[in-house]
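My numbering applies: residue 80 is where the sequence shown begins, and numbers increase by one.
Some hints here could point you the wrong way.
To be verified - Straight-line alpha carbon distances no greater than 30 angstroms define the calculated DSBU-like cross-link-like pairs of lysine-lysine that follow:
hint	residue 1	residue 2
1	301	108
2	94	144
3	323	304
4	143	164
5	211	256
6	182	164
7	190	149
8	190	296
Stated by the list, open to error - Computed spacing ranges between beta-carbons, pair by pair:
hint	residue 1	residue 2	range
9	323	373	42 to 52 angstroms
10	361	116	44 to 54 angstroms
11	99	158	19 to 29 angstroms
If you are wondering where the hints come from, they were derived from the structure by calculation, not from laboratory data.
All residues carry an ideal CB built from backbone N, CA and C; glycine is no exception.
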Amino acid sequence: MKLEVKNVKKSFEGKEVLHGISFSVESGKALGLLGRNGAGKTTTIRTIMDVFHATSGEILMDGKKFEASKVQIGYLPEERGLYPKRVIYDQLMYLARLRGLSKKDADANTKKWLKRLEVDEHMMKKMETLSKGNQQKVQLAATLVANPDIVILDEPFSGLDPVNSQILKDVITELIKDGKLVIFSSHQMSYVEEFCEDIVLVNKGEVVLEGNLDEIKEEYGKGRKVIAAEDMEISELKEIIENKMSDVTEVLGTNKKFVILNPKEGVDQWKLIERFHSENIVIKTFGVYEPSLTEIFVSRVGDEEKEEETNE
Numbered sequence: 080m081k082l083e084v085k086n087v088k089k090s091f092e093g094k095e096v097l098h099g100i101s102f103s104v105e106s107g108k109a110l111g112l113l114g115r116n117g118a119g120k121t122t123t124i125r126t127i128m129d130v131f132h133a134t135s136g137e138i139l140m141d142g143k144k145f146e147a148s149k150v151q152i153g154y155l156p157e158e159r160g161l162y163p164k165r166v167i168y169d170q171l172m173y174l175a176r177l178r179g180l181s182k183k184d185a186d187a188n189t190k191k192w193l194k195r196l197e198v199d200e201h202m203m204k205k206m207e208t209l210s211k212g213n214q215q216k217v218q219l220a221a222t223l224v225a226n227p228d229i230v231i232l233d234e235p236f237s238g239l240d241p242v243n244s245q246i247l248k249d250v251i252t253e254l255i256k257d258g259k260l261v262i263f264s265s266h267q268m269s270y271v272e273e274f275c276e277d278i279v280l281v282n283k284g285e286v287v288l289e290g291n292l293d294e295i296k297e298e299y300g301k302g303r304k305v306i307a308a309e310d311m312e313i314s315e316l317k318e319i320i321e322n323k324m325s326d327v328t329e330v331l332g333t334n335k336k337f338v339i340l341n342p343k344e345g346v347d348q349w350k351l352i353e354r355f356h357s358e359n360i361v362i363k364t365f366g367v368y369e370p371s372l373t374e375i376f377v378s379r380v381g382d383e384e385k386e387e388e389t390n391e
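Go ahead and model the full structure; you've got the sequences and the hints to work with.
Structure, rendered in structure tokens:
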């Protein structure tokens, strides 16, 4: 399956909040849908699900008009939706039957997912009696109980400790391997990097960055280098490079491990290495800079938001 969102716009009471969103995702892959709070991610998701009707544009499945009512979609919203005072088993059974499963299949799937997520011992308890982490796992079981073809996960790791996060990681990996079409939205960029081949970055209702994550990282890191030195703090190394090597390279920044460099035009890595040696810098690590998704995210939307704060 291939889901395509093409130039989708959405207005509420005459105010346009989506300004032509476009992207695509295929079965067996996960797409990272990213953006600050209020950027338009949830509106985009709800438009795909036909909770909101697009003002214009189209959504296609394998080249034909996408009809959400005819496809099993498992949606884990950021704001959780199960009833706190109802028995967990009863709620999952109800949701599975509502989505068209027989009583037998609903029972089997309910027990399967509660067991897979290690909360089956709680199935006859009320939702409110569980810890926040276990409630989150029950919500995921509810998302998957009808064996959906499309799985949309909005902040799925919220409230999970490291052990439960690993369980969820394993489940998401299995979903992708099983050929599910996964849309994954999270502010925890490390998880997006782990699961998603492609990303879409939305800001103020517009797509500001879209494509293969590896290719985006390669483009953002193009020509840049990182260096660390033996027996020298990053701050000290940064100061030496700024004061004594500004003719061959500029310092773009630092992280806990490296100084990030942008060599001047015409300066290759061998000339840089030679200069480090001449400044008595013993190189511990030197290589190509690969930006994190967090750095890319901030570079595209962070500066703009700082400017807005300054202007307010």
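Each hint, compared with the structure:
no.	hint	in the structure
1	301 with 108	26 angstroms, holds
2	94 with 144	26 angstroms, holds
3	323 with 304	17 angstroms, holds
4	143 with 164	42 angstroms, violated
5	211 with 256	28 angstroms, holds
6	182 with 164	23 angstroms, holds
7	190 with 149	25 angstroms, holds
8	190 with 296	41 angstroms, violated
9	323 with 373: 42 to 52 angstroms	31 angstroms, violated
10	361 with 116: 44 to 54 angstroms	45 angstroms, holds
11	99 with 158: 19 to 29 angstroms	27 angstroms, holds
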